[in-house]
Amino acid sequence: MSQNSTNPAGPQVLEADGIRIEFGGRQVLGSIYLRVQTGQIVGLLGRNGSGKSVLLQTIFGARAVADASVRVNGRRVVPAFREPGLLNYLPQEPLLPPSLTLARAAALLGVDIKAATARFPELRPQFGQTLGELSGGSARLVQALLLLHADTAFSLFDEPFSGVMPVHVETLAEEMQRVKARKGLLITDHRYAEVLPICDVVYLLHQGRLLKLEGDVREQLRDYGYLAS
Amino acid sequence: MLGISGLILLAVLLPAIHEGWSDGLLPGLLLTKLATAPVVWYLSEQLRPGQYWFYFNLHMSRRRLWAGVVALDGGLFLGGALLMRTVLS
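Protein chains in written order, with my numbering: chain X, 104 to 332; chain D, -9 to 79.
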């Protein structure tokens, strides 16, 4: 499924719609249509509590939502995470079990950890350590890198830049742009200054609706109250 | 985990009651369940909800994760119950 570069049928398209979620009588997600294509980085922005994480988890398949439709090239894939090579998901919380070393986790995910961290040589001495033994920023970075380099057609990243130091954010963003040649990335992160330049498509979750922003994205983000100035 | 343990206990106890050979069986079964519970508790802690994300990324569902725990719980308990029966007979 994931060999987009060798897929004679061309790019793969991940689509999600029909997702309606309420919490305590308040509709968090209502009118949703989202599309990610291999070869694209898609940004998902929204205020705190707007439902970004819930949307990613629903697409991933970890959250069962009646009537939710997630499709790849028109074929329904619910729950999507059950399909090997289709997609992976970086949650906001720690991903790796505390007892696993980075090297072991990478092996289980089918990732060559040396290749995945090639541009971050300072991570190399830490392959034998567990996630809890790393600094918060390094832990976040290595988790993002493992999923980015995993052999899936799509990666869903919830706050991948959170806690990562600026020099690594820049390199990670470059890595994302390099890897997008073979996969589609859906990223939500409040560090919009880093996210916007690498995105091919930007969506904004606003009052339960998913809006595709075109044209002057920053101006629209200001209009919808996501940016102050 | 309590619910799963209770169901496993009942699965052994109810047929015994139905077949009329349950006298004095309950305390022994409870002790056996208590002896095997720490192992199962440890494993369920290893698979606790905070770690689901990793296993989801390995394409494993909650049902599959818990099926292994239930099978191990049942197997240990049955093994313990058989051992108890052998020792007591």
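Each hint should be verified, as a subset may be incorrect.
[Unchecked claim] Quick list of simulated restraints, FRET-style, between CB atoms:
1) S238(X) to L33(D): 28 to 38 Å
2) E9(D) to R185(X): 40 to 50 Å
3) M50(D) to Q130(X): 29 to 39 Å
[Claimed, not checked] Calculated Cβ distances over 12 Å to all of chain D for the following chain X residues:
4) R185
5) A208
6) L249
No wet-lab data here; the hints were simulated from the structure. Bear in mind the structure is a predicted one, so any value in this text is a computation, not a measurement. Backbone N, C-alpha and C fix where the C-beta goes; we use that ideal spot for every residue, glycine too.
Structure-based check of all given hints:
Between S238(X) and L33(D) the beta carbon distance is about 30 Å. The supplied range of 28 to 38 Å therefore holds. Our hint of 40 to 50 Å for E9(D) and R185(X) holds, since their Cβ atoms are close to 41 Å apart. As the Cβ distance of M50(D) to Q130(X) is approximately 32 Å, the hint placing it in 29 to 39 Å holds. Chain D draws R185(X) into its interface by the beta-carbon criterion, the shortest separation being 6 Å against a cut-off of 12 Å.
Not every CB of chain D is more than 12 Å from the CB of A208(X) (nearest about 7 Å), against its label as outside the interface. In this structure L249(X) is not separated from chain D by more than 12 Å, as the shortest Cβ-Cβ distance comes to only about 9 Å.
Hint compliance for this structure: hints 4, 5, 6 are not met, and every other hint is.
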